[in-house]
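Engineer: Here the protein sequences come in this chain order: A and B. For the first sequence, our numbering begins at 1 and goes up steadily by one. For the second sequence, our numbering begins at 362 and goes up steadily by one.
If a hint is listed, it holds; no wrong ones were tucked in.
Chain B regions said to be covered by chain A (calculated; three or more residues, Cβ under 8 Å): (1) 511 to 522; (2) 613 to 622; (3) 627 to 640; (4) 658 to 671.
To be clear, the hints were calculated from the coordinates, so they are not data collected in a lab. We put the beta carbon where it would ideally sit given N, CA and C, even for glycine.
Now for the letters of each chain:
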Amino acid sequence: MNENQGRHGSGEENPEVVFGAGTDADLELHGNGEEAETVAETNESPDADIRVDLPADLTEGSETVIHGRAVSPGADAWRRLRRNPIAVLCGGYILLVVLTALFANFIAPYAYDFQDTRRYASLPAPPDHLHLLGTDNLGQDVLTRLLYGARVSLGVAVIVIVIEGAIGITLGLIAGYRGGKTDLALMRLTDVIFAFPDLLLAILIRAVMTSGNRALPPAVNLGSLFFALGIVGWPALARLVRGQALSLREKEYIEAARAIGVREGQILRRHLLPNLLGPIIVQVTQDVAGVILAEATLSFLGLGVQAPFPSWGRMINDALSYKESHPLLLIAPSLLLALTVMAFNFFGDALRDALDPRLRQ
Amino acid sequence: MLTFILKRLALALPTLFVITFVVFVIARLAPSSPIDILAEKAAPEVRRQLEHQYGLDKPYPIQYLNYVGNIVLHGDFGRSFARGQQPVTEMIAHDFPVTAQLAVSAMLFALLVGIPIGALSALNHNSWFDRAAMAVVVALVSVPSIVLGPLLVLIVAVRLRLLPVSGWEMLDVYSLGGHLHFKIVDPHYLVLPTITLGARSAALIARFMRASLLDVLRQDYLRTAMAKGLSRGKAVWRHALKNAFLPVLTVIGTNFGTLLTGAFVIETLFQVPGIGFESINSISKRDYPVIQGMTLLVAVIFILVNLAVDILYGVVDPRVRTQEARA
Chain A
1 MNENQGRHGS
11 GEENPEVVFG
21 AGTDADLELH
31 GNGEEAETVA
41 ETNESPDADI
51 RVDLPADLTE
61 GSETVIHGRA
71 VSPGADAWRR
81 LRRNPIAVLC
91 GGYILLVVLT
101 ALFANFIAPY
111 AYDFQDTRRY
121 ASLPAPPDHL
131 HLLGTDNLGQ
141 DVLTRLLYGA
151 RVSLGVAVIV
161 IVIEGAIGIT
171 LGLIAGYRGG
181 KTDLALMRLT
191 DVIFAFPDLL
201 LAILIRAVMT
211 SGNRALPPAV
221 NLGSLFFALG
231 IVGWPALARL
241 VRGQALSLRE
251 KEYIEAARAI
261 GVREGQILRR
271 HLLPNLLGPI
281 IVQVTQDVAG
291 VILAEATLSF
301 LGLGVQAPFP
311 SWGRMINDAL
321 SYKESHPLLL
331 IAPSLLLALT
341 VMAFNFFGDA
351 LRDALDPRLR
361 Q
Chain B
362 MLTFILKRLA
372 LALPTLFVIT
382 FVVFVIARLA
392 PSSPIDILAE
402 KAAPEVRRQL
412 EHQYGLDKPY
422 PIQYLNYVGN
432 IVLHGDFGRS
442 FARGQQPVTE
452 MIAHDFPVTA
462 QLAVSAMLFA
472 LLVGIPIGAL
482 SALNHNSWFD
492 RAAMAVVVAL
502 VSVPSIVLGP
512 LLVLIVAVRL
522 RLLPVSGWEM
532 LDVYSLGGHL
542 HFKIVDPHYL
552 VLPTITLGAR
562 SAALIARFMR
572 ASLLDVLRQD
582 YLRTAMAKGL
592 SRGKAVWRHA
602 LKNAFLPVLT
612 VIGTNFGTLL
622 TGAFVIETLF
632 QVPGIGFESI
642 NSISKRDYPV
652 IQGMTLLVAV
662 IFILVNLAVD
672 ILYGVVDPRV
682 RTQEARA
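Could you build all of it, start to finish, from the sequences and the hints given here?
Structural biologist: Structural data, given as structure tokens:
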């Protein structure tokens, strides 16, 4: 491996010339890489699925060769996923929640902040033909609030995942690829965030932000919620990506890319990241469950999404006062929250099994 | 052994300091300064006087050093805004024992339920018991405590009326003919919060115990033990369980933090007057020195518990120590 690097390195005094030479060098490299990969795979386990371990940029480059033997890794994983009944069940449920979140304004019978003044008596009302799940103590339709709650839960989850993904993946890639002191410094940073148990840091941030005399502008308020949840979530992702990058950077195709003078950013984005997508997708799916739960917990404590926006967590807390007279008010959001968190967790597990069949044993 | 412990301590200390730094910085992010909250409509002179009194007119680095210095030297976490300048340390001393009782009883519950279930599942691998137990475990890991708690209350307390819905009552216990007097919490009030708080940990411990014991059962030394004539039961009891328990130890460490944070939710849910309940209450009173102090306390305890687990791990398993020495 070192020999290889040395040869390329000394041969190319000016890396840009290679770039100028263009795709020829690139193609040649892919061919070499593929050979090395295949050999390595067969050595480990003769009947293992060769396609799974192939770098993504490589499968793209030499698609025809691969197709001669079998389907792409993505299609393969999809096939395995479809055969798993739990995955299908959870996937179907998740799809339903996503559609509800997207089209809440079409499905919901009322507006999310509509208060039915006919029955507005500062007490919840049981279900009837106007309100299928009854109304809460503010005369708001429970079904409507539940449906819009899906939008709030998933909306927060998506934004927070983007934040923690941006931080976690970037820092993890850099730490894993550079190694040495950069790695040490970045991992110390993640250790510190990890040193706060669970949601504690998010609770502290939100408590401080909402403790002022003046009401926060909605943008600042929501922003600090996203920030609080994102800052708690990224270290797990960073650790995962760093571990994977650490082992991948020793692979021949990365070394080859480095040898022909590909810039670091380019290596991270085009060569490392695509090969990490599998584990990242699994982690992110389970993080969605974590973020939904975290938002619900913060809202339950009064530190999450503020009125009039509905949140399952706050609906649970509000319903506690009426648990003896109107248990449905408590059961409905509880069930929805538990099912949603479970669905994402199980789907994440199933995804992992589908993407890496070797883990199943 | 001593170097092993000292090394671990040396690693934990910087983390502790960075945590005080993070907590300090977050408090400075607050949209309103403490003075705004203390003296909303005070004249500028009064404000300046107050700022001087609390050291808020000094540069941030000095403020930070004062903050850490007060904690380390005087155990002073600052003063409550809302409760007439009551020191946060006093409030912690009052509320923490409640949280500690809850967290410890939840951890005991998790261990007493999780370890036997995990061990029995592993010993009866793929039996109906194993499958049923793992199905429950998988479900419990995913069920949020803000769902489990209210549902338990609804069924056990509201419908069946077996236990109180919420609250916290102390009992006076006299023993040795009335010479020894102490207070413990009425167990009736402890049951539901303990189960709600400990359920997830119990499930995680069961899962880890099962995986770990399955792994140990495949080891050569267990086959050797049985080959030399030990019955399966004896071999498991003498050789396997102790080794299988080691990875579970780590789970206990990381889970203790979850229990302490979980206490914020559980105490709010069951109206248990611990640090979580006080902290959440202090938010509506804009009393952030309280939540700041209690957060720091929980983070420090979490680090210390994990440090203790780390060291314990080294004590129990000599392999960890030698690995450390070689590295």
